[in-house]
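Protein chains: 2
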Amino acid sequence: MDLFEAIKSRRSIRRYKTDPVDDKKIETILDAGRWAPSWGNTQCWRFVVVRDAAVKAKIADTLKKIKLPDKEVPNPASGAMNNVPVIIVVCARIGSAGAGHGTPGGKPEYVTDKGDWFMFDVALAVQNMVLAAHAQGLGTVIIGAFDAPQVEKILNVPEGYRAVTLFPLGVPEHEGKAPPRKELSEIVSKDSFGK
Amino acid sequence: MDLFEAIKSRRSIRRYKTDPVDDKKIETILDAGRWAPSWGNTQCWRFVVVRDAAVKAKIADTLKKIKLPDKEVPNPASGAMNNVPVIIVVCARIGSAGAGHGTPGGKPEYVTDKGDWFMFDVALAVQNMVLAAHAQGLGTVIIGAFDAPQVEKILNVPEGYRAVTLFPLGVPEHEGKAPPRKELSEIVSKDSFGK
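First to last, the protein sequences are chains A and B.
Our numbering numbers the first residue of the first sequence as 92 and each following residue consecutively.
Our numbering numbers the first residue of the second sequence as 92 and each following residue consecutively.
Excised from the complex, chain A in its bound form (with noise of 0.2 Å):
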C-alpha cells in the first residue's frame, strides 16, 4: 500500500471480526515497529504478542472507565477487546532513551526537560505498527486508558520496564469514520508560534 494512501486511510477500529489473524502478518507489524528511529538508537521498545485468551481476558479488564463531569463512562475501546484474535502491549526499558551516557551514581541523567523520551520512542514504532497493520488489511486502536501496573503483573513485567500501550489486532468488523482533523492553518504557523 502507498505510503500516504495508508497514512490517510487508517481508521481506529473498535469492532474486530474472531478470523484468526496469521503469524506472517504478525512478524510484518514487529518488524516496522523494530525499524522505527529512536533516541541514540536505544530501541527501547519491547512487544508481548497475547493470544492466550485468559491472559487476553485478564488485559481488557484493566481498561479504565472515563470521567466525565457528571458520570463515568467506559473506555470506547472497550468493544474491542472482546474476541479480538490478538492484543500486542508494548512496554519500555527506562532509563535508556533521553539519558546521556553517562549515568553517576547507576542513575540515568537525562538530557532534557522532558526527562525519559521512552513514550515518545514507543510511539514511533507504534506508529509504524498500525500502519503496516492497516496495510495487511488488520485493524488497530492505539489504548493509553488502561491500568498499566495492573497489566505490568499480568504480563511479569520485570523491574526496569513499563507497560505503555496495548493495541488489539484483528479483522476490523466495520470500516471505520475518521474523526474530523484540525485544519493545517489551526496548527502550522511560520517562524515564530502562531503567525
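Don't take every hint at face value.
Since copy identity is lost for identical chains, a pair holds within one copy or between any two.
Here are the computed lysine-lysine pairs in the BS3-like style, where the Cα-Cα straight-line distance is at most 25 Å [what the hints assert, rightly or not]:
| # | residue 1 | residue 2 |
| --- | --- | --- |
| 1 | Lys108 | Lys162 |
| 2 | Lys99 | Lys198 |
| 3 | Lys108 | Lys155 |
| 4 | Lys268 | Lys158 |
| 5 | Lys268 | Lys281 |
| 6 | Lys108 | Lys281 |
| 7 | Lys162 | Lys205 |
| 8 | Lys116 | Lys273 |
| 9 | Lys99 | Lys156 |
| 10 | Lys268 | Lys149 |
Simulated from the structure, these hints should not be mistaken for laboratory data.
Chain A is fixed; fit chain B onto it per the hints.
Here is chain B on its own, set in the frame of chain A:
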C-alpha cells in the same frame, strides 16, 4: 512509495544540500502529521515551519552537547543544522492528551500513571512526517537534545504549550546508514514478558 519500503529505507540524515524545499512537499508532510491518531482526538501537536535564516541559526545554537563520562561531545545532529533550508519545530498543547473529560479546578485530571500523553501523541505525528518526507526524497533527523525552553522563547511559544522536538528538512547529501537494530527475538515475547 510503498509503506514498507518507506519504513525500512528511511534514514536519519545529518548532512543536507542547500537546494530549496518546495512548499507543496512541506504541506504534504504537515498533512501526514495531521492524520495521525491521538488521545481522544485531542490533536495536541502544533508545527512551526522555520525558513528564516536568523531564526534557524538561533535554534541551531540550542542543540545540547552530549555528556560522555569523561568529556562533552557535540550533538551528532549539529552538522545537519548548517544551511538546511527548513527546520520544523513540533510543539504540543499540554493538559489535553492523557486527560479525562473532567478538569476539576481548571487542572487536567490525567487518566494514567503516565500523566500528560503529549510526548506520545506528538511522536505519532512525527513518525508520519518523517516517512512523508522520505517518500518525497527529503531527509530528516529527529532531534530531542536541544534547549527546549530556549526554543520556546525564540519562537514565542505561549504558556500552555511546550516545544518537544524538531527536525531539519532538506535534500540529503548522503544516503545515510542504518544503525543496527535488535533482532525480533530480543524484543518480542509471547503472552508474558520475556517468554
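Okay, the hints, checked on the actual structure:
1. Proximity of Lys108 to Lys162 under the C-alpha cut-off of 25 Å is found in neither arrangement, the shortest distances being 31 Å within a copy and 56 Å between copies.
2. In the homo-oligomer, the alpha carbons of Lys99 and Lys198 never lie at most 25 Å apart, since the shortest distance is 41 Å inside one protomer and 33 Å across protomers.
3. Taking CA atoms no more than 25 Å apart as the test, Lys108 paired with Lys155 passes inside one copy only; the shortest distance there is 23 Å, against 49 Å between copies.
4. In this assembly of identical chains, the alpha carbons of Lys268 and Lys158 lie at most 25 Å apart only when taken from the same copy (24 Å versus 47 Å across copies).
5. With identical chains, the CA atoms of Lys268 and Lys281 are never at most 25 Å apart, being 31 Å at best within one copy and 31 Å at best between copies.
6. In this assembly of identical chains, Lys108 and Lys281 lie within 25 Å of each other by CA distance solely across copies; the values are 22 Å between and 45 Å within a copy.
7. In the homo-oligomer, the alpha carbons of Lys162 and Lys205 lie at most 25 Å apart only across protomers (23 Å), although the nearest pairing inside one protomer, at 33 Å, exceeds that limit.
8. Taking identical chains as interchangeable, the C-alpha atoms of Lys116 and Lys273 lie at most 25 Å apart only when they sit on different chains, with a minimum of 19 Å there against 33 Å within one chain.
9. For the homomeric pair Lys99 and Lys156, neither the shortest alpha-carbon distance inside one copy (29 Å) nor that between copies (38 Å) is at most 25 Å.
10. Taking the shortest Cα distances, Lys268 and Lys149 never come within 25 Å of each other, neither inside one copy (28 Å) nor across copies (42 Å).
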